[in-house]
Structure formats: C-alpha cells, structure tokens
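Student: Residue numbers (the working numbering), protein chains in the order written: chain B, 1 to 330; chain X, 1 to 330; chain A, 1 to 330; chain L, 1 to 330; chain V, 1 to 330; chain S, 1 to 330.
None of these hints come from the bench; they were simulated from the model.
What you are looking at is a predicted structure, and each value in this text was computed from that prediction instead of being measured.
Take these hints with a grain of salt, some might be off.
Any copy, or any two copies together, can satisfy a pair, since identical chains are not distinguished.
[Stated by the list, open to error] Derived BS3-like pairs (lysine-lysine); straight-line CA-CA distance at most 30 Å:
#1 113 / 264
#2 91 / 323
#3 231 / 278
#4 186 / 8
#5 264 / 14
#6 147 / 67
#7 290 / 264
#8 264 / 186
There are 6 protein chains.
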Amino acid sequence: MPDEVEIKWLCDIKPEALAESLRMAPDAKTTADYHDLLNDPEVDAVSICTPNLMHLQPALDALAAGKHVLCEKPLAMNGHEARQIVAAEQKSDKVFQVGFQTRFTGEAQFLRKYIDSGAMGDIYYARTQALRRRGVPGWGVFIDKEKQGGGPLIDIGVHVLDLTLFLMGHPEPVSASGVTWNMLGKNPDLYNGWGDYDRTKFTVEDMAVGFIRFANGAVCVLESSFMANIKDDPFGTTILGTEAGAEIFFYNDQRVRIYRDDNKELFDLTPRSIPEVKTSHVAEVQAFVKTIKEGAPSLVTARQAMMLNSIFDALYKSAETGKEEAIQLV
Amino acid sequence: MPDEVEIKWLCDIKPEALAESLRMAPDAKTTADYHDLLNDPEVDAVSICTPNLMHLQPALDALAAGKHVLCEKPLAMNGHEARQIVAAEQKSDKVFQVGFQTRFTGEAQFLRKYIDSGAMGDIYYARTQALRRRGVPGWGVFIDKEKQGGGPLIDIGVHVLDLTLFLMGHPEPVSASGVTWNMLGKNPDLYNGWGDYDRTKFTVEDMAVGFIRFANGAVCVLESSFMANIKDDPFGTTILGTEAGAEIFFYNDQRVRIYRDDNKELFDLTPRSIPEVKTSHVAEVQAFVKTIKEGAPSLVTARQAMMLNSIFDALYKSAETGKEEAIQLV
Amino acid sequence: MPDEVEIKWLCDIKPEALAESLRMAPDAKTTADYHDLLNDPEVDAVSICTPNLMHLQPALDALAAGKHVLCEKPLAMNGHEARQIVAAEQKSDKVFQVGFQTRFTGEAQFLRKYIDSGAMGDIYYARTQALRRRGVPGWGVFIDKEKQGGGPLIDIGVHVLDLTLFLMGHPEPVSASGVTWNMLGKNPDLYNGWGDYDRTKFTVEDMAVGFIRFANGAVCVLESSFMANIKDDPFGTTILGTEAGAEIFFYNDQRVRIYRDDNKELFDLTPRSIPEVKTSHVAEVQAFVKTIKEGAPSLVTARQAMMLNSIFDALYKSAETGKEEAIQLV
Amino acid sequence: MPDEVEIKWLCDIKPEALAESLRMAPDAKTTADYHDLLNDPEVDAVSICTPNLMHLQPALDALAAGKHVLCEKPLAMNGHEARQIVAAEQKSDKVFQVGFQTRFTGEAQFLRKYIDSGAMGDIYYARTQALRRRGVPGWGVFIDKEKQGGGPLIDIGVHVLDLTLFLMGHPEPVSASGVTWNMLGKNPDLYNGWGDYDRTKFTVEDMAVGFIRFANGAVCVLESSFMANIKDDPFGTTILGTEAGAEIFFYNDQRVRIYRDDNKELFDLTPRSIPEVKTSHVAEVQAFVKTIKEGAPSLVTARQAMMLNSIFDALYKSAETGKEEAIQLV
Amino acid sequence: MPDEVEIKWLCDIKPEALAESLRMAPDAKTTADYHDLLNDPEVDAVSICTPNLMHLQPALDALAAGKHVLCEKPLAMNGHEARQIVAAEQKSDKVFQVGFQTRFTGEAQFLRKYIDSGAMGDIYYARTQALRRRGVPGWGVFIDKEKQGGGPLIDIGVHVLDLTLFLMGHPEPVSASGVTWNMLGKNPDLYNGWGDYDRTKFTVEDMAVGFIRFANGAVCVLESSFMANIKDDPFGTTILGTEAGAEIFFYNDQRVRIYRDDNKELFDLTPRSIPEVKTSHVAEVQAFVKTIKEGAPSLVTARQAMMLNSIFDALYKSAETGKEEAIQLV
Amino acid sequence: MPDEVEIKWLCDIKPEALAESLRMAPDAKTTADYHDLLNDPEVDAVSICTPNLMHLQPALDALAAGKHVLCEKPLAMNGHEARQIVAAEQKSDKVFQVGFQTRFTGEAQFLRKYIDSGAMGDIYYARTQALRRRGVPGWGVFIDKEKQGGGPLIDIGVHVLDLTLFLMGHPEPVSASGVTWNMLGKNPDLYNGWGDYDRTKFTVEDMAVGFIRFANGAVCVLESSFMANIKDDPFGTTILGTEAGAEIFFYNDQRVRIYRDDNKELFDLTPRSIPEVKTSHVAEVQAFVKTIKEGAPSLVTARQAMMLNSIFDALYKSAETGKEEAIQLV
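Here chain B stands alone, though its shape is the one from the complex (with noise of 0.2 Å):
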C-alpha cells in the first residue's frame, strides 16, 4: 500500500472477515453498513471487493457520493448492469477505475508502449488464450452457472480479453459468434489439478471459443478452459499487426516476443528491458492513487470494462442460438 493512502474504514457484513482485515489495518473504523463510509467527508476514495452481483449498487453509490472508486473486476454481471456504471461514471468527475490488472505487468506496460510507438502497424487479429488443462476452481461458486454467470470465460477469460482490447486500442466490438461446451466438468473419471469436487454441481462451460468481429475490420479469437486435454496452461495473447505481431504469454511461459520486418528484412525480436513489476496487483493500486494525486483520466474506465460484459452476454447468447449475435454497448 503506497504510503500516502491511510486505510480509514473497514466494511464487510461478515464481523470475523472485519476481525482478520483488522489485522493488517489495526487503526481503521469498521461497519457491516457501506454507507456509514460514503458519509464519512474524510474519506477521499473507496474500493469496492464485494461479489460480482453487488458491484452495481455499491459503484452507483460510491460515485453519488463523490467518492473515488477502485472496483475488481468483472465491472457487472452483464452488459446491462455494466452500462448504468458508465452512465454514472460520465456524470462523475471521479476516478472510476475497475481492477484488471494484467495491464499493469511489466510485459502488458511494455508492448503496450511498443505499440504507441507505431512499431506494429495496425493490429488486425488476436488469438487470445486463458486455457487450463486441469484447473477447475472447485470451491466457492465458480462451477455454479446460476450464482456466477459463466465459467472459465468470466474468471479467467475476462482478463486475457482486456489485455488484448488494451494492446489493440479498444476498438468498438460489433458482433460474435460463440460457442461453449460443458463434457469434461462433469465428468468423475477427470483428475482435476486442484483437488476433486461435486461433479454433478458442475453447471458452468468447461471451456468456450469465441470469434468478435471489430468495427474497424480486426477480429479476436478468443479461447477459454478450466479443463481441456491440451499442453500446459497458455494465459495470454498473440496480435498481429502490419508491420509486426507479438505474442505475450504469463506464468509458465513468461514472455514477450516479436516478429516483424525491417528495411524488407525479417527479424525475431526478444525484448531485453522489459520492466520488473514483483506484484501486479501492488502496481495497480499505485496506479489508482497516482491517477487521483495528478487529476488524470482513469486508467481502466468503467466504459472499457463494460465492453467485456457486452461481448460476453453476446458469447453466451450465441452459444445458446448456434448464430452469431450483435454485441450492444448503448
């Protein structure tokens, strides 16, 4: 925690999760009532870690308030939702930023930079990966469809695909074609790498392809698991442009890679200086609060993760009608 923030409230509904907070913030105020801390005229910002079904309300609130709000991500449970935040974030003079912090990795901070430069040309098409072969979260909700909304594509695939909106420059998405699969979840006979657990509770995809179509002609194809019968577990994203393609992967693949053509010669580019960032998550809050102290446009828009919501509720909706679906984002 960067040294200029002082943690002044604790809020949770649950006291023994206030007890453990506690802890780490032995001075802070506590309440299980998140408005008794939108009263209070000290406090400057807010981060909202609740579920993803009590994100909308609490991000309304919080903007009212005139609060800064730092929220994790997915932004909504869907697109509808997603939309009243960004209505409410263009009202606000605020800092919204929503918490997607695979952007603030040195590799994402690198090639994004790479890209401003011009280097890559136009970005025309992503193969974007967050694929597990045996990593099913077996506990809390993440298998339950009804209380989650979605699978792998909600947990894991969300970050990918704001990584690569990120790299190629937010471009409006118009339309997608999906499709989901749920034959491996359920199934007992699978090892699963992080323990077993009730098959038969097992109602989320277990993996899902998408294909978006972009206003400006580029297209993603997106792929997503929490079990596949496939090599390792390939978390990140390739992106091709005219003048170059790159390819960045995290965890047991950490890297940066380019390919591009110079003078009309072809060159393998591995990136020496890419910088070392220990924890994203610590990167992301420094980034909030420099945000706040300069008066700078959020980061992560509230606009931008509501795109995320609008192509999933169109993935989702495509894989139920076998045809490819509009994405809405008005």
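Given the coordinates of chain B, work out where chains X, A, L, V and S should sit on it, guided by the hints.
Tutor: Same frame as chain B, but now just chains X, A, L, V and S:
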C-alpha cells in the same frame, strides 16, 4: 509408381509439356484431346491434374466413360461445381479419389487409427493452421483472385482443413464466420521468403480466419496465411476430444503429441511407432491402386472434397458480408 | 506432526539430546529409560529412532507392551534379528510400521497406483540404483564395517531396494549373487564431495552390486556406491513389466517416465498428475497415524523390512564366498 | 576392400548368391565346394561368412590348409565347438581373426588407448547393454531357438560383451548367473519396429540379463533384449575403473564420456579427438590385411571369441537351472 | 565475521553512518578521527573502506602505527600513490591485504590450484572481460571522471584484471595500448538497466579496451564497459596455456571450463569439485584473519594491487595519446 | 561458372595441372606462358591463382594488357608489393577484384546492408577471430615461414579481417600492436585434427593477436590461431556500433545476432531473412562478371586488399620489436 500400373496415355494441350512427360513414360501414347484416352477401352483409370477451373468437365466425362479417377485438389472452383461431381460419383461404381495427400502421411494415418480406437472420445474442437510468415508464391496464378479464386485458404488451408475433417470423422458443416485481409501481401516494403513479386497484382487475401460450426456441436477455427508477422510456419491441427487431445504438425516441427487422462491420472504421450512415409504423394497413388484392385470404397470421396469447397464458399461470402453464413451441401 | 498427535514422552540416554528435543515438545515428560513410557497407559504409540543395533529389544518390548510402533530403517542388524521382530509382529494386533519413507513420495505413490491398475502387466526385471560419485559420509559410523554392518548397501541401497520391492508387490526373494569392492573409499588421493575423512578408517565397501532372484522368476540388479567414477548420483529404479516399463528417479533428476504399448502402438508417457509431497517423512508419519485410527494393516510391515535384511545377508555372504547364496526368510 | 587384396574365389552352395557376388568381383572363380579354394596355393586368406552352425568345419579346414582366416562372429555355436577352433589356432602360425567389428570403431579404439595409458586404473565393474525396445528381427532364423541357439544375447549382446572384454583386457571369466524371459516376443498384441512376424515362432528369449564374475574380482552385468518396455535402444557399455569411469555408446547416442579424479579434483571429460571411422567393417578388414602383412598377432583371437561362447553357455544353463554356473574355458 | 574477531572501533566522519554501523557492532567505540583507533594498543588490525581518494594517508598511518591492514580496492587513485603504499608495506612486518575478493571465489581458488599443479603449462594469453550491456551506475560518483578517475575500467575491469594476473602468477607488465570511448553513456536516447541518470554528467568512458604486454612475452587483452551493444554481461577471463586453456566466468554464466591435450588426445573438461563459496567477501575476511594468525605472507599484496593502478595509468594515457605507453612500476 | 563466361585459355607451368584443368574446360587453349593469353585480344578477363609470391608480376602485366583481373587473396606478399598493384589499378579503367569470398556470403551481405541502412550507428570496436583449436595444415607451405610469410594470420586471419574492414566501411588503419607465439605448433606431444606433420618444420606462429587503431578512433582486436587450447573454432567477428552491435560467425556456429536499442528499449534480434548462398566462391565470380558487364566499380579493390597486407606488415614487425608500429599505406 506401383509396378502393377502401366501408363498408357499422356494428355496435354501444350506439346512441350507432353515432351517433358514422355521422358518418364516413353512408351505412352500422347494426345491433346482427353477424349482419346477416355475412348480407349484398355484404360482403367485417369489422373486429372489440370488447373482448378478445368476439373469439372474432365471429371464428369471420365466417370461417364467408366474410368476410375484420381483428381487433384481442390475438387472444383466452388461448391456448385463440386456438387455436380458428387452427383456423378454417386451414380458411378468406379473409384473417385481426390488428391488430399496429407491424409496419407504416417502422422495422419497414426492419429486416425488412434481416434478410431475410441481413445480420444468425442472430438469437439479443432484449431487448424496453415500459416506462413513470408511465403507468397508470386509465380503462376496463386495471387490472382480472378483466376485462383482465393489465396492461402484455397491453396494451403485446404490441406489442413481436409486433415482436420478426416480426423473428426467428417461431421456435417453448418455455418461459418470468416474474415480475410489483404494488407501485407500488397505492401512492397515487406520481405518475401520466396522472392519478390509484383505487389500490385496481389489481389487475394494474405490471411484468412474462419469459425466453422458443425451439426454435432463441434467447432473448428481455421487460420491460414501467405504473410503474417508470426514465428515460423505452423502447418497442422490441434484437436480436442473428451478423452484426449492431440496435436499434429508438419515440416519444421513434425510431430504428434497426445494429452490424455487415464484412470484419473494425466499424461503427455509421445508416440514412438508412427510409420515412416517418405513421400505422401506416392502413398496416395498406392492407396488409389489398392482401392481399385480390392473394389473398396474411395478413401477420399468427392463428397468429402465438396464439403471443403462449400465451407470456403461460406467463408469468403462471410468475409464480404461481415456476417455468419450458412454452408450449402446440396 | 499431525494435530491429533500429542507427544507425551521423550526418551534418550544423553541428557543434552533430551534438552534439545524438549525445545520442540516443551510439555513432554522425559526419561533415560524407555520402560517408563512403555509403562504409561496413556501412550498409544512409540517411535524408535535408536541406532540400528538398538532396534531389536525396544521393538520387542514395545509390541509386548501393546504399543503401536514406528521403527527406523533398516529394521535390524541382520535377518536373524529381523525375523524375531516379525514373529512378535505376527502375534500382535498393533500397527508396526518401518521407516521407509521413499514409498511415501508422490512419485512412488503414483507409480504404485499405476501398477495396481494392471497397466504394467507382470513386472519381471528391475535395475535399481543408489549410486554416489563422491558421497562418503565420513562422520558417525557410516564407514565402520564393525559398527554399521556395511556401507552404501545398508545405508542407501536399502531405500531403493525397498522402493523396488514395494513396486514389484513384494515377490519372495530366493537367492542372490553379490560383489563388493573397497578400492576408492580408502584411497587418500581421491576427492570426496562431503569433506575429507580418515581413509584408513574406511572399512566398508565403497560399491556393491547384486543380482537377486525371486520365486516368481523376476530378477533385480542392485547397484549402490559411496564412491564410483560415474556421472551424477542416480537414486531410483527402472522396472520392466510385460505391458509397460517405468523409471522413477529422485534428487537431481526427479522424474517418472513410462514406456508402453497400447493397441500395437508405442508411447513414451510423462505423467502430469503426480501429487506434490513436500516432505516424505511427514507423509510417513501421517500415514502411520491414519493407519492406527482406521485400524488398517501396516503400510510397511516388519516382514517386508525383514526381506531386505535377509537379502543383504545373502549379498554380503556371496561377496565373501564368490558364490550365489540362498536367502533365508524363516 | 584394400587395394592390395585380390578376390580370387567366391564360394556358395546357392548359385543365385554366387551370381550376386560376382557383380562385385567379376574376375573371381566360383565354386560350391570350399575345398576348391583351400586347395588353391595362390589363396592366402579366406573369409568365412557361413551361418553360425557352419563355422566349425570350414575354420578347422582353412587353418589346416595354411590359410589366414577372417571368421564371422560368433565364433561357434557353443564353447565346445569354439574350443576346438582355439586348439587349431594355437597349432597354426596363421592369423585367425574373428569378426567383432565394434572394436574397430573410433570410439572403441580411442578408449582402449586411453585405458592402455593407465588413466583409468583397474577396471572392476561393467554395465553392458544391447537393448532394443521393439527390434525383433522377424526374418531369417533370429527368433528360432533351434537354429540360432538363442536370441538377443547371441545376436547383439555378443557385440557389446566383446567390446567390454576388449576394454577390460580380457580377464578370465569364472562363473555366471543368468536369466532369460520370453514374454513380449510371442505376444501378438505388441508393436514391432521392424514389421510383424509370426509370434508363434518366437522361441528365443526376448530379454536376458547376466551377472558374470571374473578371476580378478571384476564383475560384468549384461542386459540384452529384442523387446523391452524401455526408452530408446542403448548399445554400449559403462566401465568403472579405480581412477576413472567411462561410457561408450553407439547409434542414436554415439558418445564417449569419462568421469575422473585428478589431483583430488573431479572432472567430466568429453573427448574431442576420437578418430572418425566411417565403416567399422571396412576398418576390420583393413586391420586383418595389415596384421597378415606385418606378421603381427591376431587382433581378435579365437580364444577371445571362445570366451564369449563359453559365457553364453553358462548364462543359458543358469537361466534354466536358476543357479549360478561355472564357465568352462578348457 | 569470524568468531575470533572483535570489533573495537568504528570510525566515520558522518555521525549517521556511525549510528548505522553501531547496529551491527553495539559494543564498539566510535570516533570521527581514525588516529584514535590507531593509537589504541588493543587494536591489531584495521579495515580501510574510505573512498578511493582517501586510501593513501590512512594506509600509511596504519602501517606506521603497526597495524595489520585490509584496504578496499583499488589500492589508490593511481600508480604514484600506490607505489608509496608499497614502499611502506615493504618496510612493515604486518599483513597488508587489498580487497580483491574475486580471488576468493571457489572458481578462482580451484583454477589457481589447477594451474599450480602445472596442468596448464605456461600461460601466454588472456582475454579478460568485464562488460555490461546497459549497466551504468548512475548514482554516487561512478560516472564522474573528476572524482572517480575513470569508468568501467576502474570500477569493474579492475576485478577481472586482478583475477587474471592472479591466475597468470603476476608477470611484470611492461607496456599497454589503450582506447576509451564515451558515446553511449551520454546518449539520452538509450535504455539503462539500472535506471535513468543525468546523461550530461557522464564524463567517464563507457567502454575501454587495452592490450597489455608482460615481460615474459605474455599479452592480455582487456575489455570493460558500462554500456555496449552486446549479448549479456560477460565477467571473467579466458586464459591460454601451452598445455591447456581455461575459461572462468561469473554471474549469469558461472562456470569454469578447461580445454586440454593429454597423451595426444583432446578433451573438454567440466570440473565437478569446485568448492562452494557463498560470499567471497566473507571468505576474504576469513583469509585475512588466518594470514595474521599464522604469520603468513599477505594473499593480496599492495605490490600486486599497485600493478593494476600502474596498468590503468598507462591505458588512460595511451587512450589520450593514441600510442602505446610504458607501465611504470617503480 | 556463369553462362555468359567462356574459358578461352588455361595456363600453368606444370603440364599435369593443365591436363587436370582441361577436364573441366576441354575447349580451352593451353599454355605455360601467361603472356600468350594476355596477347589474345579475345580475352577480356583473367583469373590469377598463382602462389602468393607470384601475384605481383602477372597482376601488373594483366592490367597493362588491358584485362579485367580476379586475383586470389592475399593480394601480395607484403604491403610494398601490394602498393605497386594499387598504383597500376588506379591508372587502369579495368575491374581489379581480389578474392575475398567471405564478403559474398549471405551473412556478410545481409549485415553490410543492415549497416548501410544506418541501423548500427558508428562502428567503433571489433573483436575479430579466426581461431582453430587443432587445425594445423601440415601439407604444402602453410607452416613454412620462409615461403608462406606467416601462419594463421596470413592464411585465415586475412579472411575475417577483410570481413571486418568491409563491415566497418574501410576506415584508414594507423598503427598496430601485435604479438605472435610458436609454442604449440612445434610440440610433438600435441594432437592435430588434420593429421600429424613434421613438428620441426613448423616455423610460423601458431597464434597471433593484434590491436589495430584506425584514423576514425575505431579499434580492432584480431585473434588468429592454428593451435590453441580453446573450445571449438570461432571464425567471424563481433562489431560494436553506437546504435547496435552484431556478431557474425561461420561454420559450426553459423549465425548473425544483433543487439540493439530502439526507443529506449533493448532487443536481441535474430534475422530470419538472410539470403542462402550455397557457395561463396561462385557468388564471388558472379559478382566479378556482373561488375564487368555493368561497368561498375570493383567490389573488392586492390587498395582494400593492400590495407590488409600493410596491417600484417605492422603486426609482424610489432611482434618482433615488442612495440606498436605505424601502418604504411602509401
């Protein structure tokens, strides 16, 4: 050429081409009119190697003349033509084999047999790639949309998509979303690995991506390029089944890898008994001859090849309309 | 130490060792006479960690006192002693577990389960290695034939041979040919990786090799050294079955590899779901406690451990006589 | 064939084999009766390439006729036959060389010279391997116990054991414990890398392991297989000396590595000056000719080759009796 | 710090630095005037860690006061200063050790011992490198020619050159040709791995190369940089002897490799018994204490360190004059 | 040989050499006196392949006769001779090309073009190596100082130094410090990779190192050996520019690697579009013919080649005097 085969006729409208061919088969008769050989009752089978737009009539005539036919890929210029050949094939009792030689590699034969054993379960997704970084064939008509019908999709994508359908067991394709770009191929500032060419004549796509739905719920994402800013030139396919997944790639990365679950344990498998096939084209001809002698059904039917033409029709149309398009099979 | 375990007594004849142990279990009672704790009715189980030549009497007394016993390996100084403990074990209804912790690694557990599934067929040959290039433990009594009974065979060979018998399903050993050398260990001109020591006191073998026959026709070749001019320090075993073969190695080369045939195809398998066991000693204690609580049979019986003592008896005798020797089990 | 050699006669009982051989030596005389060429005073040396069970009489006759002899390996069907040839060799002043060509590889020559320099000290242990994963030679008589006498031990184990004895300096073998199995070779469900064969005719062992004691206290463990569930096909030997150890392997893993101690420091050595021998068979013939011309002693004596036959006699007997057996040398 | 050492005094002119040091040695007396401790008869030895330009007087005073001295490297600002300390050293009977800790790494100790055994013959050439790709230490005075005297040559080149002279046995340097550049260090458009700095203040060389002749005919080429467009950051030396050559490198490429000839055979050697030295600085202090206690000669004499200062004097002068310059040792 | 070239004459003083050459050009006229062909007006160009000490007069005569000349490297025995040819070249309007074929490799052409684009900035340092571990050419006159003029410097160092000057853009060399040794080449106890030779006749240096200054402030360190105790045989150069550095190496390590800075980011570059040149000698002849036909300036002028002779003169002199020597260019 298998020993049991005798080359009786050579046919070409260009005398110098005939002369060249005679060097390999000095005892053959020659003609510029293919009806001559179709009328020869001693001829059992013909091989059609004419340009794509000259496949239809010779194929129909050969079948009508009661000859077995080995016809170069792609079967026809489009689905409409291809379906006429399918109709003729269905009325004939002769062997009609299309020249998709990739199926006859040791890798493809191995994997097809592995799938047949049920070891992969149901195959529900394929990521299929025939990508070249800088491999524009600047000669002939490969870059002429008018004469060739399309770019990498038609020329090399056809091979890996045929391989993929072969491995999937030819499920019925239903609809497709496609996108094509022509941004690198016409850029005179880019290197080409196969020599320079007149950039202004590059009228085909340099890259195409498709999302293809099948009636059984499976999906295939197809990527194909003559030019793209990527590492190396992947040529092959990744298929995911409910019991196992597999990768099969050729050229600079020749391999088959399998990822599976057995008794709730996870394994990476490297096959060590893939048959060595020196030249898949020779293997294809041997298979054709063996099929005829045994009175067996064709190993690469016109109907299977027609599916590819029809899928490409839908992909190119979708690339123009910006919308998913139905695939016409009848 | 599992939560359900309470340390009631510490016993040592050396007061300073007791003092040291008390730091980890400050509430325990202490004694120099192990009968004190055997007489305590609140004690359910004892752990015997005395030197090898002090295992016999405490083990017999503990079983006689109705305690469960976890006894360090090797079980005894020789087969004669070991068989006395087996006799006591057979009369007792308590759990007697010997401290062969290698069985409790994730690798060993994985492979044992794999063999149990029948996937390897009948195991007929093992090449078992506990080889060190320059790893003489110059301290304590490891190099003193008189006090230790032997060299690498007794000290580290015992681990890999136990692992091998565990994987083979404990077939009955019948006879053994052995050879031992003491040529490097006493040579003052050779490097030792664990520090210099008095070469004149090196009276054990520096390397031993054995050829062990089992009643079911299987054979095990065992190699063990403190010093040998070899690459690295292999520690593990290779076992061949009629359906598959497997390698399991530890330390600088931790791996399990499987080589098999399925449907007349050949595969190399890399398991990807081996459970991570941080400390096999902890896993061993957890298993001991679980066995007691569930009233299950011992996972490492005295009888299994006795086989090892008897095999070593035969190997050492054979090394002296230069002839194959019978293995005495009763 | 060295220039100084002239092929005078070709002998075979099969006319078509003679015709084939004549293509390489058109000026040679031919016969079906080898006495014709033994009677020709212009013949200095003969090469015996008859089947194993036809080595004895020709070898005795050739020596009796005063010819130098190059005889294919193994020397004879068993030790009894081999010892008769040794007796004849000892009475003759001609060169009798047995066809163990592995000694003439650059690797073997290098290591033999290295050992001669004393750099390895005394060699006391060898682990010798001629293992194939799936390499049954289904043709000829290789799998026919009756006609061939044995399986991999006789066919390929003989090469690596000869190499090992050559490197050890031919210590006198004393006794051997052996085991053979025939479990994979006759199983029709297993793949074979060299094509299918009639499993019911596989009467030799598919794998053999031996433990061989020498008079000087050294021991050799020998492993040989046509089929075993292992990685790759190791073909070579590992020898341990008091000053250094060495590995020498051929084919897919061609290498010599040395592990040694110098001045109480430890080193891995990669030799960089191994002579390139393109064809060890040619080198063997060149050596034979050179030996004759220089009047030097044979480089591969009948006595050395007899040791191998006698060791195999003991191993096969031990495999039957289940007991260690003495090796008969006289 | 070895147990037998007691820290009696801490001396610094900056009170806050003294306070910091007291935390590690709370019982020490403190002073801002180093004469206080030189006057204390209970002080046996002093450690001089002042900036380079403050080595001369304290060193002379300490020796005059009869103290043993451990003095940080480089010994002095230039050869002229260094030679005054050498003169004092030669008159004293105390141990004067200079802080070249690289000599105390396991790698350097191993190789020095190997050379001492005569195994490398005469060393006649060294290629010595302390190169950084982008490692400008922008803080302190490292880039200030005025205060630091030079750039990478003084700061890091000094380490590898000392190592090289140590391995060569300190032959007498005779003359040197040098060149320095300052082209990258002052360029604000270049990346620096250790953070940005004020490019206008970069007044030292960014790279230097020297060619140094010794009286025995040997030559050393020295390369050192803070910034250069190279792969990685080699830090070490390659030395060629008449019997063998060796490479010794540190950091991202820690290794010793030896290339030699034995009995007209060629070998690559990988040492496997290099002692593990966790912290070479600790090893250096331990050696200092041991030397004092044993009354042994200093392991890093002022005379050896003076050679380095004198070589640098010649190199910098040569870089200015563009001509080879003599090295002044007296 | 390019099609447009006709070989009219073959000239040699040895009749058997002429006979041999006639096999490749059966229609050519032959002579032992080169004036015959210089007098033939149908001859446009001559190729001089005489021994080094026979380059001068034929070169002068050929230019005087108005012929284009392709002259083998090195241009002459020393700078004095070379400067006479330069004088003749400057008076002539014909193409005079020296046989430095390394420039015509794809790697050199690629890098020269890359440097021309300005991508490397100013090149200020080169480390140039033509080192062999055990590669003494014992035949011919390569080891005869009298007849050959020098050892590896003259024979192979000349290639890499020419390459380096070519890449640096031929800055003017000013002075050089050199050293040569002859310690390994004459030692009969050392292995040689190319066969044994009479050690007493080895009168050239076995290794040479030079430090060469250029007028523009750049420096080149050159290392060349026939024998040295090193890993492998590096043959190529490393050049450092203000914007980028590059390595170019041939044979067992064929590669170009570039290390650069772009927009304050650091990259390793692997070029992927290096043209494949099968035989650089053929490429050299093609370039010679093309230059003549286009009336273009020579690609390898006598003046460039003279620089190398003059540098070697200075290096050898410096090796004798032990001092830096000036390089004489006029």
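Student: Which of the numbered hints above does this structure break?
Tutor: 2, 4 and 5
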